[in-house]
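K.L.:
Given chain A's structure and the hints, the job is docking chain B onto it.
Each chain, letter by letter, is given below.
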Amino acid sequence: MLDPLISHPKVGSAGKTGEWRVFKPIVDHELCVLCLECSEYCPENVIEVRDDKIWIDYDYCKGCLICKNVCKMKAIKAEREFY
Amino acid sequence: MSYFGPGHGACPGCGFPIAVKSVLEALEGKAFIVNPTGCLEIVSSMYGRNVWGVPYIHSLFENAAAVAAGIEAALRVLKRKHEGHVVVFAGDGATADIGFGMVSGAFDRDHDILYICYDNEAYQNTGNQQSGLTPPGARTTTTPVGKRQPGKIGKEKDMVSIAVAHGIPYVASASVGYPNDLKRKVKRAVEFEGAKYIHVHSPCVPGWGIDSKQTVEVARLAVETGLYPLVEFEHGKLVRVMKIKEKKPVEEYLKAQRRFRHLFKHPEGKKIIEELQRIADENIKKYNLLQQ
Chain A
4 MLDPLISHPK VGSAGKTGEW RVFKPIVDHE LCVLCLECSE YCPENVIEVR
54 DDKIWIDYDY CKGCLICKNV CKMKAIKAER EFY
Chain B
130 MSYFGPGHGA CPGCGFPIAV KSVLEALEGK AFIVNPTGCL EIVSSMYGRN
180 VWGVPYIHSL FENAAAVAAG IEAALRVLKR KHEGHVVVFA GDGATADIGF
230 GMVSGAFDRD HDILYICYDN EAYQNTGNQQ SGLTPPGART TTTPVGKRQP
280 GKIGKEKDMV SIAVAHGIPY VASASVGYPN DLKRKVKRAV EFEGAKYIHV
330 HSPCVPGWGI DSKQTVEVAR LAVETGLYPL VEFEHGKLVR VMKIKEKKPV
380 EEYLKAQRRF RHLFKHPEGK KIIEELQRIA DENIKKYNLL QQ
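If you read the sequences in order, they're chains A and B.
4 is the number of the first residue of the first sequence in this note's numbering; add one for each residue after it.
130 is the number of the first residue of the second sequence in this note's numbering; add one for each residue after it.
Note that these hints are calculated values from the structure, not bench results.
There may be inaccurate statements among the hints.
From the derived model, a few chain B residues whose C-beta atoms are all more than 10 Å from chain A [unchecked claim]:
1) GLY142
2) PRO146
3) ILE147
4) ARG238
5) GLY365
Under the rule of at most 16 Å between Cα atoms (straight-line distance), these lysine to aspartate or glutamate pairs were calculated in the EDC-like manner [to be verified]:
6) LYS400/B / GLU380/B
7) LYS316/B / GLU154/B
8) LYS75/A / GLU22/A
9) LYS372/B / GLU320/B
10) LYS384/B / ASP340/B
11) LYS312/B / GLU43/A
12) LYS75/A / GLU411/B
13) LYS312/B / ASP54/A
14) LYS71/A / GLU154/B
15) LYS284/B / GLU411/B
16) LYS71/A / ASP226/B
17) LYS286/B / ASP226/B
All figures in this text were calculated on a predicted structure; none of them were measured in a lab.
Cβ atoms here follow ideal geometry from the backbone N, Cα and C, with glycine treated the same way.
For reference, chain A alone in the conformation it holds in the complex (with noise of 0.2 Å):
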């Protein structure tokens, strides 16, 4: 009876915020080292490491690419979308 007063933790509140993305960012794994720095500062919390690579949640990163300008060693490339 109470459950339409309760608000429930799930993943992705705002809907898939992927969506709002204009600049894609990418990866390079040549050059990266794992430093995890882009994984610290990334606001939507979407990096992570899987299989020793760096990877991004592309549903919900919102391309704000505070992870390309934080990264040492350039790793990180930013790439136009099109819809």
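P.N.:
For chain B alone, kept in the frame of chain A given last:
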């Protein structure tokens, strides 16, 4: 699901999700979050669903500190304090203007809470109205730029000094430009019993008029110019400061933002830039920020 999961509704490049994420990681999710109205509430808790992986309560605009004090007292009576720390995430308006009395009261009663103010220097949620923490000269919708008025007139409140004056055990300032420093400060803060205050500087992309990818850069510039010193007080004594490697002029910080653009053209702009430079120099002198 992570502590502050993906898919929240903040603008691309927003600063405070970095702070929230770092704080919850530092506390390993052992936290009860109290959040007054503000950007963080709007972006994280929509109707029926939210992005928090930790217990969360939304209070009114003014009473976050009082709600947190109540939760802390209840946890103490029920002997459940080991379950987590009571953490308040409040904006600068909720801390310095609207909820100021409640914050002061909670500090006065010395409740065992960690109060974190994310400072984006205006009421950015409703569209950039000036708050008590807006720096002089900034253009907001309530301090527009015209012939007579070059942005905000008056000073900015020094919340860190106000918190220190309450005699609480731990006060610090941090910045989203340095999340590891923020994590260390949070871990240090929860070692103390009593009210703790951390002031986190967090740029706002639409309000400050910066590009989304510049958030971290601008936050670091504020620290490097001396306008926003990163300091730590324990029991009222200054224990640590973050030293500046190379001092930069305030113009560099002001030029990066659209809200200060008029200062370089307005007849009274020069005076305000000089005033801001004086504030920065005073901070550097007061806290001895320059590396020897």
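K.L.:
Check the hint pairing LYS316/B with GLU154/B against an upper bound of 16 Å on the C-alpha distance.
P.N.:
This hinted pair holds, its Cα atoms lying about 10 Å apart.
K.L.:
Are the Cα atoms of LYS71/A and ASP226/B separated by 16 Å or less?
P.N.:
violated (36 Å)
K.L.:
Please settle this one: PRO146/B was flagged as non-interface, so is its CB more than 10 Å from every CB on chain A?
P.N.:
Given a closest Cβ separation of 4 Å, the condition is violated.
K.L.:
Can you confirm whether the C-alpha distance between LYS286/B and ASP226/B stays at or below 16 Å?
P.N.:
Answer holds: LYS286/B to ASP226/B is near 10 Å, not above 16 Å.
K.L.:
Compare the distance between the alpha carbons of LYS75/A and GLU411/B with 16 Å, and conclude whether the hinted pair is satisfied.
P.N.:
violated (33 Å)
K.L.:
Minimum Cβ separation between ILE147/B and chain A greater than 10 Å?
P.N.:
Its Cβ does come within 10 Å of chain A, the nearest being 5 Å, so this is violated.
K.L.:
Please verify whether LYS312/B and GLU43/A have alpha carbons no more than 16 Å apart.
P.N.:
The hint holds at about 11 Å.
K.L.:
Going straight from one Cα to the other, do LYS400/B and GLU380/B come out at no more than 16 Å?
P.N.:
Holds, at about 13 Å.
K.L.:
Could you grab the alpha-carbon distance between LYS312/B and ASP54/A and see if it respects the 16 Å cut-off?
P.N.:
violated (27 Å)
K.L.:
Does the alpha-carbon distance linking LYS372/B and GLU320/B stay inside the 16 Å limit?
P.N.:
Given pair LYS372/B, GLU320/B is violated - Cα atoms ~24 Å apart, limit 16 Å.
K.L.:
Between the alpha carbons of LYS284/B and GLU411/B, is the straight-line distance 16 Å or under?
P.N.:
OK: LYS284/B and GLU411/B at ~14 Å, within 16 Å.
K.L.:
Would the non-interface assignment of ARG238/B survive a Cβ cutoff of 10 Å against chain A?
P.N.:
holds (30 Å)
Going through the hint list in order, the structure does not satisfy hints 1, 2, 3, 8, 9, 12, 13, 14, 16.
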